[in-house]
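J.: Just so you know, the protein sequences line up as chains A and E, in that order. Note that the working numbering gives residue 175 to position 175 of the first sequence, counting from 1, and the numbers run on in steps of one. Note that the working numbering gives residue 1174 to position 174 of the second sequence, counting from 1, and the numbers run on in steps of one.
One or more of the hints may lead you astray.
Restraint-style ranges between C-beta atoms, simulated for each label pair [said to hold, decoys possible]:
(1) A:Thr43 - E:Ala1209: 33 to 43 angstroms
(2) E:Asn1193 - A:Arg120: 18 to 28 angstroms
(3) E:Asp1305 - A:Pro236: 55 to 65 angstroms
(4) A:Leu365 - E:Asn1154: 49 to 59 angstroms
(5) A:Arg177 - E:Asp1305: 53 to 63 angstroms
(6) A:Ala212 - E:Trp1314: 25 to 35 angstroms
(7) A:Phe427 - E:Ile1320: 52 to 62 angstroms
(8) E:Pro1283 - A:Leu174: 44 to 54 angstroms
(9) E:Leu1151 - A:Leu10: 55 to 65 angstroms
(10) A:Met73 - E:Leu1151: 40 to 50 angstroms
(11) E:Val1119 - A:Gly349: 17 to 27 angstroms
Don't read these hints as lab results, they were simulated from the structure. Backbone N, C-alpha and C define an ideal beta-carbon position, used for all residues, glycine too.
The chain contents come next:
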Amino acid sequence: MQSALVVDRLQFAFTVMFHYIFPQVTMGLALLIVILKTIALRTGDEHYNRAARFWAKIFGISFAAGVVTGIPMEFQFGTNWSEFSKLAGGVIGQTLAMEGMFSFFLESSFLGLFLFGEKRLGRVGHWFSAVMVFAGAWLSGYFIVATDAWMQHPVAYSLGASGAFGLKSFWGLLGNRWTLWQYPHTMIGAVQTGCFVMAAIGAFYILSQRHADYGRTFVRVGVIVGVIAAILQLYPTGDGQGAMIARYQPVTLAAMEGLFHTERGAPLAILGQPDVANQRLDNPLTIPRALSFLTYRAWTAKVKGLDQFPRDAWPDQIELVYFSYHIMVGLGTMFIAIFVMAAFLLWRGTLYRHRWMLWIIMLALPFPFIANTAGWITAETGRQPWLIYGMLRTSAGPSPLVSTGSAWFTLLGFMGLYTVLGILYLFLVYREIERGPEDGALTSSAVAS
Amino acid sequence: MGTVWFCLIALMLTVYVALDGFDLGAGIAHLFVAQNETERRVVLRTIGPVWDGNEVWLIAAGGTLYFAFPPLYAASFSGFYLPLMMVLWLLILRGISLEFRRHVTASLWTSFWSGVLFVASLLLAVFYGAALGNVVRGVPLNAQGQFFEALWTNFRPAGEKGILDWYTILAGVAALVALTLHGSLWVALKTENELHERARKFAAKLWWAVAVATVSITWASFELQPHLHASYVARPWGYIFPAIAVAGLVGVIVFLKQERRAFRASCAYVAGMLGSVAFGLYPDVLPASTNPALSLTAHNAKAPDYGLKIGLIWWIIGIILATIYSVTVYRRFAGKVSVSPEEEGY
């Protein structure tokens, strides 16, 4: 069954990474659409309503892709991870079921009203439906992060005789301190994706001299929200998340930083390749003592290296944990630089004339997706070898009777289907961008969903 | 607590089948009742604004099942591994064919997605029926409460069982005709003129197929699963469910010209059939075909009570909200659908 475990993990990783392309767009855009609708409501300027309608179309396509790829995530807990589900369902079933009851009904109903009901709802009603879509999307994010946070840091449970987890405190589960950092960190990551998508398409319009007035609106909104989000991503949310890991998953922190040996005044590795066999970082570029300071706010603090922990407690993919973490942080730093520069130029009133800046914003489009994905890889491979941290090993979680062949069959099926879906998605979004916001007259807003 | 959640989940699944059932039925019927692209668009517009809300009932029911009966979720989802994964793929295909079809008007594009929609909807209906058939027939649970079924073995509901045997295929066909009827009645309810007439005539033909399928599947189920008979003998009040189903089925043909009543009767038929199955199986949630003592029941497969009690509070709040949203959406999109030239989409 060892190889079935590998395929089960691959399948979950593949399907969830593909899925998460879409929610980060919709959760981010939901906020930005509310902002556009609010400006439209307050100023009465139809320009912003058209802008919102344009983004509603992109939102609708992304939402549909997110829904259809999301259902397999819930199902896979049962299909591929039945031992885990049997044991943990009493706790995480709560958050997953609440997601369905409280966010999906809300989101899907109000999205229908938002996309199809602008004429009948009136200005305030339509604004309200946008707010409710935003609330549904962000609530959904909370329940999912709370589920993951429980696996990272199990709380509020009791253990039954059969080894099954039962819920002990409802508010304890929802108020898991891990969630309180992971949730804002995740959501702000999604906001950055939304901002880059909006600003990049705006920059594209300005640079290609089409719909330039809309392009300027998109760049402005994307940059202003983006600069706030990029900074919040680092501090306090990223910092807080890091502190949680240092406290509760010190071995994960050591893997993330590529710190093989315990040190006082530990250096922060900027670049370098972990060589696990020889327990060292090759070609290192480090900042002396910085890791100690960032982790414990003291330059000479002792940071535990991997040597402090038994081998069977090490994440099984240390290199991947290390690289995904460094990619996330590196890109996050780059985003701050881009947004701060752009915001400065915007403040000076010269942003739209600095074509090089617009080029950078446009070309940055893929990177927030990479950063968000890398963040999740850090969290989930960093949690290894545990499925429920400290309680249940990943190797004890899969369905015992699902063969490796069955798992490969479905993994390959998902790969094929998602390739088609990805191509269709890009094609349809490209068409909406080509068509542009000018086309967003009220009657044809029914096109989107 | 186990009994309460058994009823609530049965209720959610029934709502799901009654709602998404007409989406599937319309997806199947749209190739038969609509004769040109405009009419096909009208049919698809009748389900366009509601299908994803309807599908949420499946997700919510799945989540609730996971939360209330973790061992059942674990056993059934892993045991039905291959068919469930195929259901997922079909749900994806159904969703994207509805959503992506209308973005391009070229006839090759729309024909292609119509074909995908038809095949996906048809297979989903068959798979749902076959899945229910498997639950009624029982599955080879082992002492750890797990099982695995191949897609098919020798097509007999005895010995080493497969997902598909003559009984579960019969259940699949019954679901197919019943949901196609349901969807056709929905289309008749939501459309006008020739399209409406054709949908109604299509439903009238299907009715006979549904009647035959209902009788045969009922007979076969009672033959194969003695537990059903025992349940009805022990608690005769349960005959209310089959009575509702029969009344609904008769109602469909009686009220065929009064579209609203006909559709409601069809909903009653769907609810009555599913209610009959749920009642007949209780307290089993997944009968073991190997040894009845290994069956998963509403009592031995439930999560600990504290969580279930807390869940009852948020579930009730959630279901009230969900009902309000659903009613709002259906009200908003009430009335006949027609295609006016400036309205694009579907």
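J.: Look at each hint and say if it fits the structure.
T.: Each hint, compared with the structure:
no.: 1; hint: A:Thr43 - E:Ala1209: 33 to 43 angstroms; verdict: violated (59 angstroms)
no.: 2; hint: E:Asn1193 - A:Arg120: 18 to 28 angstroms; verdict: holds (25 angstroms)
no.: 3; hint: E:Asp1305 - A:Pro236: 55 to 65 angstroms; verdict: violated (39 angstroms)
no.: 4; hint: A:Leu365 - E:Asn1154: 49 to 59 angstroms; verdict: holds (55 angstroms)
no.: 5; hint: A:Arg177 - E:Asp1305: 53 to 63 angstroms; verdict: violated (26 angstroms)
no.: 6; hint: A:Ala212 - E:Trp1314: 25 to 35 angstroms; verdict: violated (49 angstroms)
no.: 7; hint: A:Phe427 - E:Ile1320: 52 to 62 angstroms; verdict: violated (41 angstroms)
no.: 8; hint: E:Pro1283 - A:Leu174: 44 to 54 angstroms; verdict: violated (31 angstroms)
no.: 9; hint: E:Leu1151 - A:Leu10: 55 to 65 angstroms; verdict: violated (23 angstroms)
no.: 10; hint: A:Met73 - E:Leu1151: 40 to 50 angstroms; verdict: violated (24 angstroms)
no.: 11; hint: E:Val1119 - A:Gly349: 17 to 27 angstroms; verdict: violated (57 angstroms)
Of the numbered hints listed earlier, those contradicted by the structure are 1, 3, 5, 6, 7, 8, 9, 10, 11.
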